[in-house]
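Working from the sequences, and respecting the hints, build out all of it.
These are the residues of each chain, in order.
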Amino acid sequence: MATRAISFKRADQPVAAGGETWTSGPDARKLRPLPSEDVYFFTKKIDNSRVVREADPAGHRRAVQAGLKGFAVAGLLILLLMPRALEMVAGYRIHSLAADHARLVNQKAAIALEEAQLESPQRLQVLAGQLRLVNPDPKHVVMLNSAKPDSALAMMNVGR
Amino acid sequence: MLAWGRRAKDERIRERAHPGARLFLLGAGALLWAILILCRLVQLQVVSHKTYKEQADHQQNHILRVDAPRGSVLDREGHVLAMSVPADSVAIDPLLVPDRPLAASILSRALGVDREELLGRMDAAVEEQRSAREQKRKPKGTGFLWVKRKIAPGEAEALRSLKLDWVEFRKEPHRYYPDGQLASHVVGTVDFQERGNLGLEQRMDRDLNGRAGKVSMLTDVTGRPIESTVSAVAEPGQSITLSIDESIQFVAERELKAACELYHASSGSTVVMDPHSGEILAMASYPIFDPNQPPSSDEAPSARFDHPVSVAFEPGSVFKIVTVSAALETTSLRPESLINCGNGTIRLGSRVIHEAHHGYGTLAVADVLAKSSNIGAIQIGLKVGDKNLLDYVHKFGFGRTTGIPLPAESSGMIRDLKHWGKTSIASVAMGHEVSTTALQLAQACSVIANGGVLVKPRLILKRQRPGGKVENEPVSAPERVLKAETAITMRQMMEGVVLRGTGKGARLAGYTSGGKTGSAQIFDLETKHYTHMYNGSFVGFAPVTNPAVVIAVTLNGVHMFGGVVAAPVFKTVATETLRLLAVPKDIPEVEPPPLANPEEANDVAIADMSTPPEDLEQLPAPPTVAPKTASAPAQAASPSTVAVAGASSVAVAGPAAPSFEGKTVRAVIEQSMAMGVQVEVVGSGIARQQAPPPGSPLNPGEKVKVLFR
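Protein chains in written order, with my numbering: chain D, 5 to 164; chain W, 0 to 708.
Bear in mind the hints are in silico, worked out from the structure with no lab data behind them.
Keep in mind the model is a prediction, meaning the values are calculated, not measured.
Using N, Cα and C, we set each Cβ at its ideal position, and we do this for glycine too.
Wrong hints could be hidden among the right ones.
Claimed, not checked - Coverage of chain W stretches by chain D, computed from C-beta distances (three or more under 8 angstroms per stretch; other residues unrestricted):
| # | stretch |
| --- | --- |
| 1 | 78-89 |
| 2 | 177-190 |
| 3 | 488-495 |
Unchecked claim - As a list, the in silico SDA-like pairs of lysine to any residue whose alpha-carbon atoms are at most 25 angstroms apart:
| # | chain 1 | residue 1 | chain 2 | residue 2 |
| --- | --- | --- | --- | --- |
| 4 | W | 149 | W | 191 |
| 5 | W | 213 | D | 99 |
| 6 | W | 704 | W | 544 |
| 7 | W | 170 | D | 103 |
| 8 | W | 147 | D | 77 |
| 9 | W | 704 | W | 671 |
| 10 | W | 421 | W | 390 |
| 11 | D | 112 | W | 462 |
| 12 | W | 584 | D | 146 |
| 13 | D | 112 | W | 214 |
| 14 | W | 147 | W | 160 |
| 15 | D | 112 | W | 180 |
| 16 | W | 162 | W | 98 |
| 17 | D | 112 | W | 204 |
| 18 | W | 49 | W | 218 |
| 19 | W | 527 | W | 263 |
| 20 | W | 52 | D | 89 |
| 21 | D | 112 | W | 157 |
| 22 | W | 256 | W | 286 |
| 23 | W | 149 | W | 170 |
| 24 | D | 112 | W | 152 |
| 25 | W | 461 | D | 103 |
Next comes the structure, spelled out in structure tokens:
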């Protein structure tokens, strides 16, 4: 625009001696005015190095208060929404743990089953046969003091 | 262009004239936007609230069924006999399968299913979907197809490793019996839906099953659960602890199976019971089956019968313990009282009953039991009388169920007195015309073993829900049947059966034992005759002084006697059981001699039922009962005394020491007085040891030291 203002004759310049301007004259060869031709820019150097902001404690207070209010509102919103958010997070966590618990319970049951299968008397008998173990002859069985429950336990363990 | 410039200029002019116009327009626009939003919100949340709520609920809220895991069945030591573990089931949607023939090949190889059958099912499902789409009708089914349910963990692992995205795994509870055939008749089985259909699983199905619960689940868009609300709490099934001991059960089943196969028995039963508490330590039945496998056509029809509980049979001579007990309680008969058994034959009208052996002549009551004399038992039964005998039969628990928590328990058959025939008392006295189960026999023997009270058999010790309180099963009050002294006398008499009677095969090393053999002829319903096949039985206990265990063994359809086929089973099972229960030994550990002649165990109750019995009044008069202190000549007539006399003839230097083993103090003193032998009595009870041993020549004035326990 500045270039244009330099290139073309400005419309608001004083009218020439002939009393005819390029815009108003009948000369059709002359350029028509452009839109907003009357608007132009120019730079003006302003020295504001000596300008200082006027102290405005009231405005500062208002700004701080507004900031605090904003924080308070945001805090309130967070406080209102946080439980729900935490609840959701806890829900995810709880159900994840519940799934883990169920999985571990199933694993425990499977292990208990496997243990029972490994300890089954039929299997132990087969293993005993492979190891050439036989039932003790009755006279080779020495009873400990049967008044004590430990002796019974020892006998039970011997039997298994 | 010019017009546009003018308009802009006009605007600027207006702006200068009305500075809030633009702001107003902006505010108006914002308000309009807000109103539109509000309207939309009203439309969504008020007008269409129900519709969208339903849609949201459908997408986010899920009602899930929470299965209550079926309770486990444990033995008395906590070993698992039955438990439920989630197993994988494999399903596919045939519409999503890219290559059905290939899929069928993969699945058939991985799961062991029939390829052609699976492919046919997949093609049929796809065809149904296609035709339904063409005909614009609702298809039958959803395209969901089970390939194989409740597969083994190894199969699931192998199939998962293939990572086939069109294969779906679903968890389903599956019942496992880790010990296989062990205690299968007691524990029972379940059907495919985990409903009990046999044994304890059937009887205690409600307690084992528990109650399923319901949970309302809120999920996010990915299906992850956020919130859950329990609308019905799942109650897991109770775990039941049985009185069965896995080790004793194993021994009982092993020995019963071996005996049944050795003697070609059609079926068999073994019951091991604690006589004081009534706890069933083992209950074995033959034939056996594996509860992990479904019933098959190869299986014996009676394999799933619980013979000890459900199948009643004529007990034969083991029933004589009831007859003799009733005699001790209601008559003046004592163990040493003499019974005239004649020449071994008795005629009851047209019915002839005879001994398995030759005639015994005169026998003491104790010897009637030891030698299982039929004539003696009949004479004793006649002495007792039908009313008293029937009364004691009922008191011993026969003719009614024991109340054990197993299905299809037989009460046996005890006829009312009005239905008894003229010779029924003779039949009942020796164990015919009645039927009992092996469990009832064990219960009756427990009466004698525990001092005279009838205890109710206990199979369940306690129950417990996971994480819950242990509920001990209540114990029924015992009923007094016999006086304590009668029970002790019976125990001593039954020990005589093992020491010198038909039950020698039941002698234990290190323990005293008592019992009674039985070999009841099996009645053929077609020919209306008793056959030469037997129900061979043995009921007994050990040790005699304070029995820790009662064992009843029965082999059905054998050609040998109870003392031959059942007593050895008792011996092995009792030895193992007493060792496992850590029962102290009460006699020196001397291995008893093997049964030399099977005829020694012949206790067959022979009863010719071919012709209707005549009136009981035609029976010969009952013999006169000898007084309690029998005279020396009367004693000399008893077989035992004869045997001693025979032994004395072997002596060279002086009289030989007689055998006092198994006799009471009174009998030993009487015998020694009759022979003129001095004895030194040490202790009380039954003669266990003597010095010098039987047959040794005695120096003049030498005493025989007899140890009683």
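Legend entry - Non-conforming hints, listed in increasing numerical order: As far as the earlier hints go, 3, 8, 25 are violated by this structure, in ascending order.
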